[in-house]
Each structure stands twice: as structure tokens, then as C-alpha cells.
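Novice: Chain B: place on chain S using the hints.
Residue strings, one per chain:
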Amino acid sequence: MKRDIILAGVGGQGILTIATIIGTAALNRGMNLKQAEVHGMSQRGGDVQSHLRLSDEPIWSDLISLGGADMILSVEPMEALRYLPYLKKDGWIITNSNPFKNIAVYPPEEDIYDEIRKIDNHVLLDADAIAKDIKASRSMNIVVLGAAIKYLGFSAQEMETAIKSIFERKGEQIVEANLRALQAGISATLM
Amino acid sequence: MDAMMLLGDEALAQGALDAGISGFYAYPGTPSTEIMEYAQRVKQAEGIHRTWSSNEKTAMESAIGMSYAGKRTMAIMKHVGLNVAADPFMNSAFTGANGGLIVTVADDPSMHSSQNEQDSRFYGKFAMIPILEPSNQQECYDMAFYGFELSEKYHVPVMLRLTTRLAHSRAGVIRRKPFPQNPLKKPDDLFQFMLLPAIARKKYQHLIDIQADFVAESANTPFNSFNLTAKDHTKGIICTGLAYNYLNEVFQGKEIPYPVIKICQYPLPIEQIRGIYDACDSLLILEEGMPFVEDQLKGLSFKGSKPIHGRLDGTIPRAGELNPNKVTQAVNMPDTYGSEVPVIVAGRPPALCVGCPHSDSYLALNEAIKEYGRGHVFSDIGCYSLGFMPPYNAINSCVDMGASITMAKGAADSGLYPAIAVIGDSTFSHSGLTGLLDCIFDQSNVVIVILDNSTTGMTGGQDYTAFGKLESICLGLGVEKEHIRSFVPFKKNYAEMIQIYKEEIAYKGVSVVIPRRECVQILKRKNKMEVQA
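Protein chains in written order, with numbering that gives the first Met the number 0: chain S, 0 to 190; chain B, 0 to 532.
Extracted from the complex, chain S is given alone in its bound form (with noise of 0.2 Å):
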């Protein structure tokens, strides 16, 4: 297996976290994993992106190629938008449909979605309020990635596993709400 995936969002919301579970799956399967990642100026508020690369076989580029991307996973509808020069023809794009604003003029959000309704195979999820709803709300980069399970070729079983390993340390209350967060997410693509 190999997977190409842009986790896209803005700086603080939480993307990094998706990509060490999915990294953490992948190699708990004994996958080879790259992961490159925005660190410094981005950070403060503006677009920031991670590109994960996952594979059976050895991976030499820290970076996907533009038109290479399987799938698009963000925590925020404009910035999923932003990385659609590396999506595939056949790829997905799941995403948060609530938007994060903090910049003067943010486009009207219909617009928005209209444009993420253009790309064949989507998922656009208010993954704010799913969260909100199971008393997550910190959560919702894991509903996101939720989402984004079947489409990403793990089991549901593995993802558990991972987060478990991850949010150990802080906690059965985070780790709880951490996996309700992840089934809120796989549930709300079975509708």
C-alpha cells in the first residue's frame, strides 16, 4: 500500500496530532513513513500544511509531488481548497466544512463548498459540531480523521490503537474523548 495524503489547516489546529496516529498506525503495520511538517513563522495564525507519506515500499521524497496527493485532509474548508494542485485526478478530500476565521475578507462559505462539491470524491463534515455534540470539542481534528478512515485503507480497530499509545500519558478522560471523537467521525461518513 501507499498513500500520498496533504494535512492542511491552519497554525494551532491540530494537524500534526493526525499525522503521528496515521503515522503511528503505518508503522505499527511496519509501513515506511516520511513526514514533513511547518515549523517557525507559519505558525502564528497562518496556512500551514504537512505532507505524510506512507508506503510498503522505501520512500525518497520528503515532499508529494503537485498532482501526486491521494487525499486532502483538513481541519478547515478554504484550506483544503489551497492544496488542490497535489490532489490526484481520483483523489479525496475530506474536510472540516467550519471555517476558521481570522483574516479580514474570509469568501462566503457557500462558495466555498461549492467549490469542494466540484472535486468528485468529497467529504465535507462540520467536524466543530459532531465534536461539540459527543463533549469533545477539542477534538475535532480527530472527527476529521475519522472521516477519513475508509478512504485511507486502515481499520477503525488500528486507529484505536494508536491513539490510545498517544494520548496514554494525558490521561483515560482525553483518550476517551479522543476515540469518541474518531467513531463520531467514521459514523457521520456511514449516513
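Hints in this document: simulated from the structure, not taken from any laboratory. Just so it is clear, CB atoms sit at the ideal spot from N, CA and C, and this is done for glycine as well. Any given hint might turn out to be false.
[To be verified] Every beta carbon over 12 Å from chain S, so not counted as near; a handful from chain B, in silico:
hint, residue
1, Q39
2, A44
3, S61
4, M89
5, N223
6, G274
7, P290
8, T314
9, G372
10, R373
11, H375
12, D412
13, Q498
[As the list claims (entries may be wrong)] With a straight-line Cα cutoff of 27 Å, these simulated DSSO-like cross-link-like pairs (lysine-lysine) come out:
hint, chain 1, residue 1, chain 2, residue 2
14, S, K100, B, K525
15, B, K523, S, K163
16, S, K163, B, K527
17, S, K88, B, K525
18, B, K42, S, K169
19, B, K490, S, K100
20, S, K134, S, K163
21, B, K369, S, K169
22, S, K131, B, K523
23, S, K163, B, K369
24, B, K253, B, K230
25, B, K234, B, K305
26, S, K169, B, K525
27, B, K490, B, K525
28, B, K42, B, K369
29, S, K1, B, K325
30, B, K525, S, K163
31, S, K88, B, K325
32, B, K527, S, K131
33, B, K369, B, K491
34, B, K525, S, K134
35, S, K134, B, K527
36, S, K87, S, K131
37, B, K527, S, K169
38, B, K253, S, K1
Specialist: Same frame as chain S, now just chain B:
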């Protein structure tokens, strides 16, 4: 041993620890910061030196001193930090090393978080020392061992050059059995670090004499590879560092039809390069950064005039980092592209955080100097550079660490009034003190605003050496006590803040104004930690 998932920066730090390093010396700077942060985090580094230095120059000099004492050590900085450390760096090539000395410099092609994209390999060549340029995380780890050995074998400092993509990308790294630290051991030759002219001349001659040895090392190193067996000789390819990965990515790990040389250690192994030049009809040079290798090849007196392609002729764009698509095009393979970014997508540049103390300091400053119009505020390198962006539009310069104070001085010397410098507390600690001393000496008519958020903010919140001492430093340098003013930058204090700014602008001489409130990111982190505890 299981692979550890490490950033390139972290792999290098782990390699240095396992290779028996006794001290890391650094000032924070993207993309190099995580090397020291890793050393500060891991238990294995307990007892070795791992606190931040005032700036890259003091870091470099301390590392030379540790090398003098026979220990393995590393000075770490971002590319522009090497400009600050250039004096000790260049001279360290003459003094040479006793204990292994690695100068790690992380370049930032494409300027993700920097004011330029200078390529440190030019400095390495300028200093005439070996340069290592890892192509992946495992090489970052392995090159720490190798670099110390090379440094101790020839008694020279070795440069290790990283670039952003490797520094900030994670992959599996296999560790080796750790070495113990070197024992304390003074140099055998007590003239070694004495660069008086008569000795320095001998040192220079020695450095010249061992250049051929460095070239031989580059020909035999495990980090360079020479594959000249490929069939298609219409093109030969020379890749440096990360470029080697992109080339293999483009060919999907399949055999590359052209002869390929991989360079991760310099000086250039010139005979091997002559070999590929003679065997092929043309050369393509792929390198992350400036056309360092390409420039050298074009300057060599190779026979004939075969085409050499790269950044200089536009085969690869002249500026900016490499990526798989640029390399795909350079080797004439079919390129891919997704779809265009929809026009409605708006830019989202970095911005001051909500609640940032700097935003209040700037808004009040704008109000205080309204009557003079724009163009009076010199600023510096840090989060507060974002005060350039709307809605603040508060600053007019950002050049190098410490330049706010000295540029304001120069402008004031020319008669510009008011001349205001805005500098962060950590930047002041790094390079502001000497500029302030110049202002005092001349009684320049400047207002120096030291934005004190009690941390090195832009790089994620590191300690700095002048913490808690700003007033006493200014007083000690000679600023008059009544012209060292401080306030807490909050909206509710605007009237007081504006008043203080205005009074100090009115004063004809050196004033220091210190808005003091902790960085909101650090505050958030602290609060979180208290909840968890």
C-alpha cells in the same frame, strides 16, 4: 534496535549524543531550533551543555573553546546566524579543532521563515573546510559520528549543512551503540589557537596543504556515490543532498538511465566529476539552494564546452527550494498537476496572535506618533515583524538581528525625528546591547522600544540570556534612569502608554521604553501544564 521517528534536526541531535558530544551551543532560529530543543528534552543529555547562548557568535566561540579542551561539541544556527558568527567561524578554520567540532547550519531555501536564502556551502568553501550535507534523516544521524571523526582526524572544524525540508521532516532512524564523551585534554600544541600573524600564516599554509586530503575524503566517503554504469550518456546528473531523493522519486525507485553522482560531502571530488563530464554529452546539476556546484563546474577548465544545465540557465528555477516537479521537468519526464486553486481562496499570512501584547504596544505607538506620519519606526527580527501587516502597518524596516537600534541611530544622526527602534527582548539580548552603547556614546536622539514578552517567541518560546535584566542592562550601559520607562500593554492602559511614548519622543536623547507582558502562547502552555499537574 527499533527505528525512532525523528525530524532531521532531532536525528542529528541524537547522533551527536550517541557520538559522545559534550556540549551544544546555539541561538534559536528556524529551521535549526529543534536540534537544541531535542537535547534539552532527552534524559540522555543530562549533564552535558545544552542551554541557549546569547547569539550565534558567542555560541560559535564557546564551541571553539570546548573543542580546545578536547571535547566533542557543536555550534548550531540558522543560515543568517552564520553571518553573525562569521568572524569566529572563519578563524576556526585556522585554529583548527582539538576535540571534534561540527558547525551545524540550517539553510532555508524558499525563505519559509527567513529574510534571505543564502547557501551556507559558500561559507564552508570560503573557510576551506569539509562540508557534510545529509540527504535523509538517517544520514543526519550517521553524519554526526562521521563529522566528529573527520574533525578529529584532520583537526579542522566540519560544517554540517541542513535545509528546511530535511530539518523539519520526520522518518525512521536506526541508532548505533553510543560512544562515551572524550576526556578533557588540552591541545598538544599550545600555539594551535594563537592566531598572531606569524602563526596564522603557517596555519593558512597548513590548511592549503590538506585541501587535497579533503578532496580524497570526498572521493572515498560512504555519503557520496558514483554510478557511471548507466547506458544513456546523453546526460549525466550530479545531485547534492536532498536533490538525490527527488531524482529517485521521479524515477519511482527504478534504475535511472543516466550516470548519476550523489554529493553529500565537499569539497567536490573533482576527478569523479571530471569522469562524468568526459563520459556524457551534457550535465544536469540538481542542488538544494544556490548554484554552488554548478558555478564551480562552469569555472573549471574542463576540455571542450559541453552544456551544463541547472539553475544558472533556468533548467531549474534560479530561486526557491527544489521539489519533485522541478526535477521531473529538468529530466524531461511527464509532469503532473492537480487542479488550480479556486480564485475565491484568500491568502492567510501569519499574524500576531489574538491577545498578543505586541498588538497593544503597536496600536498605542501608532497613536502616539500619528502627527509625524509613517516612516519613523525601525524594527527587527521576531514575531513583532508581523506589526508590518494590517491593521498595524506599524513598522518600516526588518533587516537583521539588532538593526532596529542602529538604523534608528543612523537615521537620527541624519536628523530624522522621531527615530524609533522596536526590538524584542530576546533580539535585544542577541544583538541590541552594542547598538545601544553606540547611541549612549553619541547621545543620539532615539526612542528604543524593547518589547518584553519574556521569551523568544517566533521560534516557539525559548529562554534568552538577558531575561529579567533589561532595566539593569540599560542602566548599566548608561541610559538615564528617568528615561527607562515600562508599562503593561493592555487596551485599558492605552492613555498611559501613549503618554509615555510621547514624553520619551519629546526627550532629546536616548530613551528606552519597555512594554512588558508575557507571550500569550507561553502563558497558554503554562496554564495547561498547571491543569495537568
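Novice: Now look at each hint and say whether the structure bears it out.
Specialist: Status of the hints after comparison with the structure:
1. Q39: holds, 16 Å
2. A44: It holds; B:A44 is separated from chain S by about 20 Å at its closest Cβ, greater than 12 Å.
3. S61: Since the minimum Cβ distance to chain S is about 25 Å, B:S61 lies beyond 12 Å and the statement holds.
4. M89: Consistent with the label, B:M89 stays out of reach of chain S, its closest Cβ about 27 Å off (over 12 Å).
5. N223: Correct as stated: the minimum Cβ-Cβ distance to chain S is 17 Å, above 12 Å.
6. G274: holds, 25 Å
7. P290: holds, 21 Å
8. T314: holds, 18 Å
9. G372: Label holds. Min Cβ-Cβ 23 Å, cutoff 12 Å.
10. R373: The assertion about B:R373 holds, with a minimum of 20 Å to chain S.
11. H375: Non-interface label on B:H375 holds, nearest chain S Cβ at 25 Å vs cutoff 12 Å.
12. D412: holds, 32 Å
13. Q498: holds, 30 Å
14. S:K100 <-> B:K525: Given that 27 Å is the threshold and the Cα spacing comes to 26 Å, the pair holds.
15. B:K523 <-> S:K163: holds, 25 Å
16. S:K163 <-> B:K527: OK: S:K163 and B:K527 at ~20 Å, within 27 Å.
17. S:K88 <-> B:K525: Violated: S:K88 and B:K525 sit about 45 Å apart, past 27 Å.
18. B:K42 <-> S:K169: holds, 20 Å
19. B:K490 <-> S:K100: Holds: B:K490 and S:K100 sit about 22 Å apart, inside 27 Å.
20. S:K134 <-> S:K163: holds, 18 Å
21. B:K369 <-> S:K169: Status violated; Cα separation ~50 Å.
22. S:K131 <-> B:K523: holds, 21 Å
23. S:K163 <-> B:K369: Violated, because 56 Å separates the two Cα atoms, which is more than 27 Å.
24. B:K253 <-> B:K230: Between B:K253 and B:K230 the Cα gap is close to 14 Å, so the pair holds against 27 Å.
25. B:K234 <-> B:K305: holds, 10 Å
26. S:K169 <-> B:K525: holds, 15 Å
27. B:K490 <-> B:K525: Holds - the C-alpha atoms of B:K525 and B:K490 are around 23 Å apart, at most 27 Å.
28. B:K42 <-> B:K369: Since the Cα atoms of B:K42 and B:K369 sit roughly 53 Å apart, the hinted pair is violated (cutoff 27 Å).
29. S:K1 <-> B:K325: With a Cα-Cα distance of about 22 Å, the restraint between S:K1 and B:K325 holds, given a limit of 27 Å.
30. B:K525 <-> S:K163: holds, 25 Å
31. S:K88 <-> B:K325: Status holds; Cα separation ~20 Å.
32. B:K527 <-> S:K131: Holds: B:K527 and S:K131 sit about 20 Å apart, inside 27 Å.
33. B:K369 <-> B:K491: Status holds; Cα separation ~20 Å.
34. B:K525 <-> S:K134: holds, 24 Å
35. S:K134 <-> B:K527: holds, 19 Å
36. S:K87 <-> S:K131: violated, 33 Å
37. B:K527 <-> S:K169: With a Cα-Cα distance of about 11 Å, the restraint between B:K527 and S:K169 holds, given a limit of 27 Å.
38. B:K253 <-> S:K1: Given that 27 Å is the threshold and the Cα spacing comes to 16 Å, the pair holds.
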